Amino acid sequence: EVQLVESGGGLVQPGGSLRLSCVVSGLTLSTSWMHWVRQAPGKGLVWVSRITSDGKTVYADSVKGRFTISRDNAKNTLFLQMDSLRDEDTAVYYCARDGSWRLDPWGQGTLVTVSS
Amino acid sequence: DVQLTQSPTFLSASVGDRVTITCRASQGINNYLAWYQQKPGKAPKLLIHAASTLQSGVPSRFSGSGSGTEFTLTISSLQPEDFATYYCQQLNSSPLTFGGGTKVEIE
Chain A
446 EVQLVESGGG LVQPGGSLRL SCVVSGLTLS TSWMHWVRQA PGKGLVWVSR
496 ITSDGKTVYA DSVKGRFTIS RDNAKNTLFL QMDSLRDEDT AVYYCARDGS
546 WRLDPWGQGT LVTVSS
Chain B
2 DVQLTQSPTF LSASVGDRVT ITCRASQGIN NYLAWYQQKP GKAPKLLIHA
52 ASTLQSGVPS RFSGSGSGTE FTLTISSLQP EDFATYYCQQ LNSSPLTFGG
102 GTKVEIE
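The listed protein sequences derive, respectively, from chains A and B. What the first sequence shows, in the numbering used here, is residues 446 to 561, in sequence order. What the second sequence shows, in the numbering used here, is residues 2 to 108, in sequence order.
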């Protein structure tokens with residue numbers, strides 16, 4: 446069974462940084478495409494970033510230049526480094542596997558709150 | 002960017018009702034469309050991919066159809082556990098985008 450478990454969320458001041466982790470089991474991270482998706486409180490789903498099996502990355506315009514997606518294949522862990530955080534980055538962040546034109550499964554999410 | 006417009010935004014229905022949710026794309030997406038169900042405090046769950054392929058383990062009362070720029074999710078007979086918010090997502094081109102969601106509530 447494939448499982449994804451996020452961690453690293455918390456309260457951070459505007460302008461600060463945070464690194465989210467997503468530990469995966471039941472799949473080989475190095476051969477998988479992976480995504481980050483976020484959801485602000487009471488709002489809809491918003492795609493954030495993707496990394497392919499060969500390491501190519503792409504970002505939503507709203508986070509480009511501030512967020513970095515990466516992975517450690519040996520530790521089967523996906524990361525999202527978030528810098529220059531803004532109030533509007535407050536959200537639950539989910540990692541998800543790209544299973545050929547669909548996101549499945551998803552992790553349980555980790556809450557990031559940006560506030561002074 | 003591909004815009005996805007879901008309708009309705011809110012739907013009130015009764016157990017046993019047939020429910021249809023529409024997702025319109027601003028341009029063709031080659032049927033790379035997925036549907037997800039989300040309950041409060043939980044992660045989204047994949048229901049349908051490739052516009053009409055039922056994900057393994059999902060009840061057969063859920064179905065997807067459509068092509069080009071117009072797609073639908075149908076629940077043939079609404080069950081108590083189906084009250085949730087539903088999202089469509091296009092995976093044809095980056096940035097991937099989601100529809101705004103449809104909240105299905107008990108009438």
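Simulated from the structure, these hints should not be mistaken for lab results. Computed from a predicted structure; not experimentally measured. One should not assume that every hint holds.
To be verified - With a Cα cut of at most 25 Å, we get these calculated DMTMM-like pairs of lysine to aspartate or glutamate:
{"#": "1", "chain 1": "B", "residue 1": "Lys-104", "chain 2": "A", "residue 2": "Asp-499"}
{"#": "2", "chain 1": "A", "residue 1": "Lys-488", "chain 2": "A", "residue 2": "Asp-499"}
{"#": "3", "chain 1": "B", "residue 1": "Lys-40", "chain 2": "A", "residue 2": "Glu-533"}
{"#": "4", "chain 1": "A", "residue 1": "Lys-509", "chain 2": "B", "residue 2": "Asp-2"}
{"#": "5", "chain 1": "B", "residue 1": "Lys-46", "chain 2": "A", "residue 2": "Asp-528"}
{"#": "6", "chain 1": "A", "residue 1": "Lys-520", "chain 2": "B", "residue 2": "Asp-2"}
{"#": "7", "chain 1": "B", "residue 1": "Lys-104", "chain 2": "B", "residue 2": "Asp-18"}
{"#": "8", "chain 1": "A", "residue 1": "Lys-509", "chain 2": "B", "residue 2": "Glu-82"}
{"#": "9", "chain 1": "B", "residue 1": "Lys-104", "chain 2": "A", "residue 2": "Asp-549"}
{"#": "10", "chain 1": "A", "residue 1": "Lys-488", "chain 2": "B", "residue 2": "Glu-71"}
{"#": "11", "chain 1": "A", "residue 1": "Lys-488", "chain 2": "B", "residue 2": "Glu-106"}
What the hints assert, rightly or not - Just so you have them, the derived chain B footprint on chain A, three or more residues with Cβ under 8 Å:
{"#": "12", "region": "453–461"}
{"#": "13", "region": "521–532"}
From the three backbone atoms N, C-alpha and C, an ideal C-beta is built for every residue, glycine too.
Results of checking the hints against the structure:
1. B:Lys-104 <-> A:Asp-499: violated, 37 Å
2. A:Lys-488 <-> A:Asp-499: Since the Cα atoms of Lys-488 of chain A and Asp-499 of chain A sit roughly 32 Å apart, the hinted pair is violated (cutoff 25 Å).
3. B:Lys-40 <-> A:Glu-533: Holds, at roughly 23 Å.
4. A:Lys-509 <-> B:Asp-2: Holds - the C-alpha atoms of Asp-2 of chain B and Lys-509 of chain A are around 15 Å apart, at most 25 Å.
5. B:Lys-46 <-> A:Asp-528: violated, 29 Å
6. A:Lys-520 <-> B:Asp-2: Cα-Cα ~34 Å, so violated.
7. B:Lys-104 <-> B:Asp-18: Given that 25 Å is the threshold and the Cα spacing comes to 15 Å, the pair holds.
8. A:Lys-509 <-> B:Glu-82: Since the Cα atoms of Lys-509 of chain A and Glu-82 of chain B sit roughly 38 Å apart, the hinted pair is violated (cutoff 25 Å).
9. B:Lys-104 <-> A:Asp-549: holds, 21 Å
10. A:Lys-488 <-> B:Glu-71: Holds, because 23 Å separates the two Cα atoms, which is no more than 25 Å.
11. A:Lys-488 <-> B:Glu-106: Since the Cα atoms of Lys-488 of chain A and Glu-106 of chain B sit roughly 17 Å apart, the hinted pair holds (cutoff 25 Å).
12. 453–461: violated (count 0)
13. 521–532: With 0 residues close enough to chain B, the hint is violated.
Hint violations for this structure: numbers 1, 2, 5, 6, 8, 12 and 13, all remaining hints satisfied.
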